[in-house]
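**Q** Take a look at the letters that make up each chain.
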Amino acid sequence: MTFTIPIDNGDALKNAETDSQRTLYPYVTGTSIVAIKYKDGVLMASDMGGSYGSTLRYKNIERVKAIGKHSLLGASGEISDFQEILRYLDELVLNDNMWDDGNSLGPKEVHNYLTRVMYNRRNKFNPLWNTLVLGGVKNGQSYLGMVSMIGVSFEDNHVATGFGNHLARPILRDEWHADLSFEDGVKLLEKCMRVLLYRDRSAINKLQISKITEEGVTVSQPYSLKTFWEFQAFHNPTAGAQGSW
Amino acid sequence: MFRNQYDTDVTTWSPTGRLFQVEYAMEAVKQGSAAIGLRSRSHVVLASVNKAQSELSSHQWKIFKVDDHIGVAIAGLTADGRVLSRYMRSESINHSFTYESPLPVGRLVVRLADKAQVCTQRSWKRPYGVGLLVGGLDESGAHLYYNCPSGNYFEYQAFAIGSRSQAAKTYLERRFESFNESSREDLIKDAILAIRETLQGETLKSSLCTVSVLGVDEPFHFLDQESIQKVIDTFEKVPEEEEDGGEAEAEAAAAPAEQGGAGDQDVAPMEM
Numbered sequence: 001m002t003f004t005i006p007i008d009n010g011d012a013l014k015n016a017e018t019d020s021q022r023t024l025y026p027y028v029t030g031t032s033i034v035a036i037k038y039k040d041g042v043l044m045a046s047d048m049g050g051s052y053g054s055t056l057r058y059k060n061i062e063r064v065k066a067i068g069k070h071s072l073l074g075a076s077g078e079i080s081d082f083q084e085i086l087r088y089l090d091e092l093v094l095n096d097n098m099w100d101d102g103n104s105l106g107p108k109e110v111h112n113y114l115t116r117v118m119y120n121r122r123n124k125f126n127p128l129w130n131t132l133v134l135g136g137v138k139n140g141q142s143y144l145g146m147v148s149m150i151g152v153s154f155e156d157n158h159v160a161t162g163f164g165n166h167l168a169r170p171i172l173r174d175e176w177h178a179d180l181s182f183e184d185g186v187k188l189l190e191k192c193m194r195v196l197l198y199r200d201r202s203a204i205n206k207l208q209i210s211k212i213t214e215e216g217v218t219v220s221q222p223y224s225l226k227t228f229w230e231f232q233a234f235h236n237p238t239a240g241a242q243g244s245w
Numbered sequence: 246m247f248r249n250q251y252d253t254d255v256t257t258w259s260p261t262g263r264l265f266q267v268e269y270a271m272e273a274v275k276q277g278s279a280a281i282g283l284r285s286r287s288h289v290v291l292a293s294v295n296k297a298q299s300e301l302s303s304h305q306w307k308i309f310k311v312d313d314h315i316g317v318a319i320a321g322l323t324a325d326g327r328v329l330s331r332y333m334r335s336e337s338i339n340h341s342f343t344y345e346s347p348l349p350v351g352r353l354v355v356r357l358a359d360k361a362q363v364c365t366q367r368s369w370k371r372p373y374g375v376g377l378l379v380g381g382l383d384e385s386g387a388h389l390y391y392n393c394p395s396g397n398y399f400e401y402q403a404f405a406i407g408s409r410s411q412a413a414k415t416y417l418e419r420r421f422e423s424f425n426e427s428s429r430e431d432l433i434k435d436a437i438l439a440i441r442e443t444l445q446g447e448t449l450k451s452s453l454c455t456v457s458v459l460g461v462d463e464p465f466h467f468l469d470q471e472s473i474q475k476v477i478d479t480f481e482k483v484p485e486e487e488e489d490g491g492e493a494e495a496e497a498a499a500a501p502a503e504q505g506g507a508g509d510q511d512v513a514p515m516e517m
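If you're matching them up, the sequences are chains A and B in order.
Anchor point for the first sequence: position 186 equals 186 in this note's numbering, and the numbering is continuous, going up by one each time.
Anchor point for the second sequence: position 162 equals 407 in this note's numbering, and the numbering is continuous, going up by one each time.
For reference, chain B alone in the conformation it holds in the complex:
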């Protein structure tokens, strides 16, 4: 994408019908570190790569609990992500207070999308520079949604956002058809394997990732480092297994197809 004369204002259309500022906002999402979501019929798993500003600092929190039955993982401008998470928590708790009942995920996601849309149609605002993977449970089952800075939202069986997410997406594309019937443990394993894809060669350690689960009879919570390491140990110990062989090919194929996979040095400090 190159600079052009129609990209200064969010309220300026280009002659080809594009809003460049909105598209630039979506670029910001691609710069953040990876976040992954998958769902089965009864559970949703959200996972993210832990990235720290420097060796001295703690890592950025990218997954937030919205309510017992909803969690969100973000990629892009984390400050924007925090503000939107606070909005989601507020909506969820207001609904619970009035109706003593959990807010259906689909309705929360629409409100979020409408809030994002407003920022694409006001000259004094800017779009939120964060993509959100919203996972939740309601009457109609387990759901995973992706909310874009453009105000669009889609429902997914599995999805990945952020830098080097294409590698994870390729892995998920090969496996997603079985996710609906997956057990909770298999779903977690697949999430961690997908995270591994985005690390591109770096050894997978539990300190590098955050994993959260929610499901029927299981309120949203984070998995502790021990449990994550246990899952990693089940596949990382034998690196030359047939699973790994398939992964190496996928990585090689995914690398040239990479989009916006900027090196870590180019990431602006406000994006994680």
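So here's chain A without its partners, still in its complex pose:
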């Protein structure tokens, strides 16, 4: 990212702040989010880690938050940009509540609003470095969608961000079905998170499962998954590559 884009902030020679105004690379990042639709609504799983490059620096970051009455937002990528997005949504929800007229923002509206924001930022070459997962229930209808940092947006029955796309989605494609019970949904998500824990370097073993139904949002207390390291493949991991070549 060494090209310069002319920006309306004055001459780059004279004005030291021009380039530092744009997001060039992320600093503190969250890893995958995995989410599925189930019988009563949507389940979302995330770990509580914030990495600083390759250092697992922060271990108590909540990467899933409730939005209004009907939605749940999970984010991977730059944590500070996620916090900025939460501020935008706060304002949106506040204004919606102030109308006090029986209408309320549903998950579809929030998802589309976020898509507009992300795409607009991308067009200005100043992205919010996140992949967002938006899940919710309104009037009995479940909704699950995703928006990336370049504004790509879609809905599906199960979504995952980052490494989750490569490791969790295949599991979900095989094992997800409509009308999963809560217990089966959690078991399925834990299966995905366990694989991510083994194989994603930036994953930590402290996760939260959040659920949203018509009644509202519940975010679980953080807990750990049991792991097993005695697989044969984990003994003598360099067996296939002795020495240097």
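Just so you know, these hints were derived from the structure itself, not from any lab.
Keep in mind that the hints are not guaranteed to be accurate.
[To be verified] Example chain A residues on the side facing chain B (calculated, C-beta under 7 angstroms, incomplete):
#, residue
1, D100
2, D101
3, G102
4, N103
5, K108
6, N112
7, Y113
8, R116
Where a beta carbon is used, it is the ideal one built from N, C-alpha and C, also for glycine.
Place chain B on chain A using the hints.
**A** Chain B only, in chain A's frame:
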């Protein structure tokens, strides 16, 4: 209303606390041809009387589609009405673009009212000379609102504006309690009957009125002349029925209570 020394400027109060220019703007609404709105729990019907400048010209459009779920009927300065309809369409489509969801009618109406209020508090502006009947559907059900040049707005079960609207209002007052549970067909019939009231004796033909409907699972659209004529035929064929008897009495009582019901010759060309 007579001329007085406090009515030159919209930003001048009278000693009795009135803004005469705003009230004069509301007079302009009364000069336009009638527009009527009614709603049930699931549908809203907007109807208007077609008036043409001359026999040679086409009639003035008084009902506009704002979105699939919102329509507006105007009375007064139609140019002002068109500008406000364009504003409403713009607001509605911007909301749909950002949220992929229809704009709640109540919120649109407030924005419209605030826009009208601005014109009552700037010395370099004048109030919009048009009344708007906004009908729409949202999460909380079917709604009908009336927006005034003063910036006020009210919600109604049924309402009529424009010249000879009092006759229509009287008819609606007698029937409005049943509207919430009315079927779509009955609601349309009541709208056309209310239009007939404003015609005061002139034979009701489908070419004289425009009717539009919107409802749950039914986007805003106009009824074609054939459908309107069919509804008219169900009651116009037997003029001495008990319904008509009641109407004749109502007309006689309404005529002296008429407000601003100027004859057609006195209507300024820019008002319809």
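**Q** So which hints don't hold here, by number, going up?
**A** Going through the list in order, the structure violates hint 1 alone and respects the others.
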